[in-house]
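Enquirer: Top to bottom, those sequences are chains F and P. Per our numbering, the very first residue in the first sequence carries number 1; after that it's consecutive. Per our numbering, the very first residue in the second sequence carries number 1; after that it's consecutive.
Just so you know, these hints were derived from the structure itself, not from any lab. Note that the coordinates shown come from a computational prediction; the quantities given were computed from them, not determined experimentally. Ideal Cβ placement from N, Cα and C applies to all residues, glycine included. Do not rely on the hints blindly, as some may be mistaken.
Claimed, not checked - Pulled from the structure, derived: some chain P residues nowhere near chain F, Cβ distances all over 10 Å:
id, residue
1, Y15
2, H58
3, W230
As the list claims (entries may be wrong) - List of simulated lysine-lysine pairs, DSSO-like, C-alpha gap at most 27 Å:
id, chain 1, residue 1, chain 2, residue 2
4, F, K221, F, K171
5, P, K208, P, K14
6, P, K208, F, K89
7, F, K128, P, K256
8, F, K89, P, K254
9, P, K30, F, K25
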Amino acid sequence: MHMKENEICVRVENASVRFNMASEKIDNLKEYAVKFLKRELMFKEFFALQEIDLTIRRGESWAFVGKNGAGKSTLLKLISKVLTPYRGKVWTKGSIAPMIELGAGFDSNLTAEENIFINGAILGHSRKFMREHYDEIVDFAQLEGFMDMPIKNYSSGMRARLGFAVATMVKPDILIVDEVLAVGDAAFRKRCTQRMEEMLSGGTTLLFVSHSNSDVRRLCKNAVWLDHGRMKLVGETEDVLAAYEATSN
Amino acid sequence: MLNDLKFRIRTFGKYYDLFALLVQRDIKLKYRRSFLGYIWSILNPLLSMLVQVIVFSHMFSRNMANYPVYLICGNILFSFMRESSTQAMHSIVNNAALLKKVYVPKYIFTLSKVTSSFVNLLFSLGALLIVMIVTHLRFTLYDLLIVIPILELYVFCLGLGLFLAAGNVFFRDIQNIWSVVTLAWMYMTPIFYTLENMSPILRYWIPKINPMYIYITQMRDFVLEGRWTWIALIWRGAFVSALMLAIGLFVFTKVKDKFILYI
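This is chain P alone, in the form it adopts within the complex:
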């Protein structure tokens, strides 16, 4: 068991450069030959926030101090989850030609996709910063605590990505199912509305079963309210992400030797 772990760590060390190069590639290619380049990573969440402010502010922003920051916190975290899981889902199938020829630890491709989306998330924090400045939101030391929900979400997405990547090898229609699931998931997450706008049943269940609620709420407490969050939320977030990673790893390692027969 311990030797096995040592062996895995050594293997990762050997392929660390590949991992780093793949992440670099994704980031480079995303904005290569586009006039604004990396600025898009900041512009994207800003523009979608702007649209939502225009459309929804009349409906949902009553009694809310800073609706733009409320929106953008939810937006960037949810976009990261959607982007990373979708990219990771294709990570094995898209590298089929390579995986048929050379032995490479397969999770490297999934890990690098989730990580390059994560780098995009870090860029889009720039957008959050801009909105905070423009709306004169007070900066506090609590702002720094956003590393907690962000790291928890990264681990969660890694598990989710591994699970989907493995599933997609065997059932390609998972791609279509997943886009519907993420859409429904988005509407079931208080991103542009607040929990108080929901029916009592949803108000009871969403915090209980929607992991995105946990991460987004933590983020809003730290940034928007400038206060310490409910400690149980942090534990719950850590538990859910560890659980998701365990599920993802378990499924992925269980079936990874069969990938080659289906890609």
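Okay, chain F solo, but in the shape it has when bound:
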């Protein structure tokens, strides 16, 4: 899809995500019926995100920082439409490719080749499109000769390489990377960051969650600091990280 420069590609307006969870995790009918009859069925509301306002333009790179449980991943899920907001609106334009965490999109009984096609299809790409990009993907993952092997025989590094290759080779408009670079050796991580930089200069929008502040500084111009589901600070990466680091130390 062709998009103009500076065009808005993600807009989150006053969005909140509410989890309405049973106070104890009940996942079977029997317990549910027992608690219901005893009138012990309690639900508590829990806001994972509150009043999020965010506008992201094409080609920008955004980092989301904050402690564990601050709502970073929830916000990414909201943007990639895995979650629907309880209140507010989320609007996006263009194709979104979340980097699928290790194995999530892979069937370990299938060969790498079969997995590439299924993974591509999950991201909404046709078989024809994947066939055209197949060699590129194998090449980038550096897995020639291993394509007929079932994924269950892969090492976690090999899986990560394959996942990253599929997600980035198809040039999404918005790339979502959630803490996946922690796996893989140093050489692979370096190639990943290089690849993301290439994509950024090619106009892809990057949404990035990482606990590595050096990766964040290197890749992202803007940052959002999330704390207890609210936006605490928005701005340039340097300012936001400085403030964040000051509290966490």
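Please build the complex by placing chain P on the supplied structure of chain F, with the hints as guidance.
Expert: Same frame as chain F, but now just chain P:
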């Protein structure tokens, strides 16, 4: 409403390749690394029919022209219902890791499970063909009409699968309940016995409330008797499958946005 429908059709078009790949995967994986491969799909119903012929023929086959065909018609349809609904029930929960990360229309996973079971059903029609040949059953044009009950049953199972898949997200013990239900359902369906063997009460109620009876009876009329079936059975079958699909779709779409919180 119309725009909504257009949007849904376009979305399905976008994910059609995923659907096709998932069906392919299921079929490939089912028999990968097994010596006989796809032949199992034919061998399975043949063997279970054989056992039932040996065990039950003395009890139930009196006054019946062709007991093996009678058995296998009921068997393959009922197995399809059981397999597809059980597979579909797990379709959302088993893809939890993926659904937490990427937006994919969730019904694609349920639809692909029911469809891959459906492909297995088509394979097992080969078993029916073999039994028809071996027992010298006369082939007629009515045989072709089995597409009617088979398609009706496919739609019925799709609805049932969507309903169970949604239910299983919230209540995992549905899996255990369902295996008991299908067992009871099997005994309440004239598969190896005939309706005439039943008590008057069951003889009255089974045709009224058991959808499997409708589909299996149609199939037996076409194949075994080589004749046109009772038209009301076809309408009733179509109505029940449409109703089941409507229930399944309604429940599934109503709760699908909450799946993510429970998987």
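Enquirer: What are the numbers of the hints the structure violates, in ascending order?
Expert: Those not satisfied are hints 1, 5, 6, 7, 9.
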